[in-house]
Amino acid sequence: MKITQDEVLHIAKLSRLALSTEEVEMYQQDLSSILGYMDTLNSLDTRDVTATSHAVASAAFLREDTVTPSLPMEKVLRNAPDQDMDHFRVPPVIE
Amino acid sequence: MTPPPSLTAHLAALQSGESSSEQLVQQYLQTIEQNDDQLHIFNQVNPAALEEARQADHRRSLGEKLPLLGIPVAVKDNISTEGMRTTCSSRILENYDSIYDATVTSRLREAGAIIIGKTSMDEFAMGSSNQTAHKQKTRNPWDPSRVPGGSSGGSAAAVAAGCAPVALGSDTGGSIRQPAAFCGVVGLKPTYGSVSRYGLVAFASSLDQIGPLTNNVEDAATMLNVIAGHDSRDSTSVSFQKPDYTSFLGQDVSSLKIGLPREYFIEGMDPTIRQQVLESVEHLKAQGATVQDISLPHTDYAVATYYIIATAEASSNLARYDGVRYTQRTSEASDLTEMYVKSRSEGFGAEVKRRIMLGTYVLSSGYYDAYYRKAQKVRTLIARDFAQAFQQVDLIITPTTPTTAFVSGTKSNNPLDMYLEDIFTLSCNLAGIPGMSIPCGKDADGLPIGLQLYAPHFEEGTMLKAAAVLEKKIAFTP
Chain A
6 MKITQDEVLH IAKLSRLALS TEEVEMYQQD LSSILGYMDT LNSLDTRDVT
56 ATSHAVASAA FLREDTVTPS LPMEKVLRNA PDQDMDHFRV PPVIE
Chain B
612 MTPPPSLTAH LAALQSGESS SEQLVQQYLQ TIEQNDDQLH IFNQVNPAAL
662 EEARQADHRR SLGEKLPLLG IPVAVKDNIS TEGMRTTCSS RILENYDSIY
712 DATVTSRLRE AGAIIIGKTS MDEFAMGSSN QTAHKQKTRN PWDPSRVPGG
762 SSGGSAAAVA AGCAPVALGS DTGGSIRQPA AFCGVVGLKP TYGSVSRYGL
812 VAFASSLDQI GPLTNNVEDA ATMLNVIAGH DSRDSTSVSF QKPDYTSFLG
862 QDVSSLKIGL PREYFIEGMD PTIRQQVLES VEHLKAQGAT VQDISLPHTD
912 YAVATYYIIA TAEASSNLAR YDGVRYTQRT SEASDLTEMY VKSRSEGFGA
962 EVKRRIMLGT YVLSSGYYDA YYRKAQKVRT LIARDFAQAF QQVDLIITPT
1012 TPTTAFVSGT KSNNPLDMYL EDIFTLSCNL AGIPGMSIPC GKDADGLPIG
1062 LQLYAPHFEE GTMLKAAAVL EKKIAFTP
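Heads up: the sequence lines are chains A and B, in that order. Using my numbering, you'd call the opening residue of the first sequence number 6 and step up by one each time. Using my numbering, you'd call the opening residue of the second sequence number 612 and step up by one each time.
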């Protein structure tokens, strides 16, 4: 399994990460070797196997739909890097 | 070193008036002060700990009786604690102020415990050595040139170094049990769904579980009594009949059937570890337990399966750190996308980036079926191995790790080597079963060796009763 530099850059873009030239090289090697190792799963026949997303089988526990207080705005915004009038403020999306 | 005092001893001393919580907390704060420059265990010490101890003393004087009244507890820094930061040992959350208590934190406080501090960990719990922490790369108290294990390395080291009598960690693929083994303490990962994940910063949501790290088996049972139980704020929390976990201690083990999986006693592992684990099993045999070889045939596929599922879930969970809500934002960005990209690239360390990219890859168009879906199917096969094994035996015993604590820096060049470190611990998370590590001896360098117990879902009691017998018979002293 050999991952190309273009693939690394594509994955980085999907991950919203910017990589330096050295990082691209490092992750190209790492991802190639790790994904190569993961290919060992292909030796298993799983055609008739159902997928498991949660290991402990139990019906989802549903609670009564009752209204309870949410966190106060002061707390919610306490860690905001930038805020304005009870909102998180971000750089412009469209000019 | 003398064996550290148990929770039972501390509680008895508090109850008789022989010591106060203030004295107790003071004593632990001093130990932290003496050790932290060298061992780098804590990301933050609770500035209100002494004040809370005085309040606990007052409550006791009024006749209040709570299971942990006045007892200091160290908490891993990915568990939310109002009044303190929760940083996940990451630069991106370095200044994140907890705005609410995790359910386990509330349960500790309701039980009267005092959070003494937040312990260092691998960044976002991604690692097996504590070396991926942004700061505070924790050292092993047994030998500071070695790693404490990870990712709950700070919590394990805190208990081993006497900086806290008990601690909480989280375990996604061995992150409680492996550091417990490396630091010579007891570590227990409960059944998936038995302890609430509300307020635990998510790494891999279908695998993460909070559990205790302690000096002895009884303390682990006491801690589990406090933290386990259904929570309506966690949709994966299971409603189950919670036993008194301490009631299993001292129970007879003569009817126990124990399985030794041949895939866990492999060529190339440290022969001392194999020998010490097998000798320990003899103690249970001597009490009448029967021991048989079993097979968990898909063990070889666990590492690949785990790193596909865990990284896929991590890439999704860590998408929320984008510079909008959680403290850290790049100072140089002209538009929204650039702000996301720069904030994330500056805030995450190398291992976290590696796992986000792996997870993104295995979920990406064209690779989803080949990796993610395949791994979800192999996960079924691994869970089925355990279900079949538990039709023959009540308990499975294995070594916790293939080696004892390694020298810091020795595995950091090859990520795959580090991932293979978890080979004996991560099947447990994939199957959702409980697992526990207890110290069972030392190697030639005097470093602790961990013995691991596995039980069926919600059968923590079986592990605890066998572990209590082993603990009595094994002469393990710090």
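Simulated from the structure, these hints should not be mistaken for laboratory data. Incorrect hints may have been included.
Cut-off 25 Å, straight-line C-alpha distance, at most; resulting in silico cross-link-like pairs (DSS-like, lysine-lysine) [unchecked claim]:
#, chain 1, residue 1, chain 2, residue 2
1, B, K853, B, K868
2, B, K746, B, K953
3, B, K953, A, K18
4, A, K7, A, K18
5, A, K7, B, K896
6, B, K896, B, K1084
Against the structure shown, which of the earlier numbered hints fail to hold, in ascending order?
The structure conflicts with hint 5 only, although it agrees with all the remaining ones.
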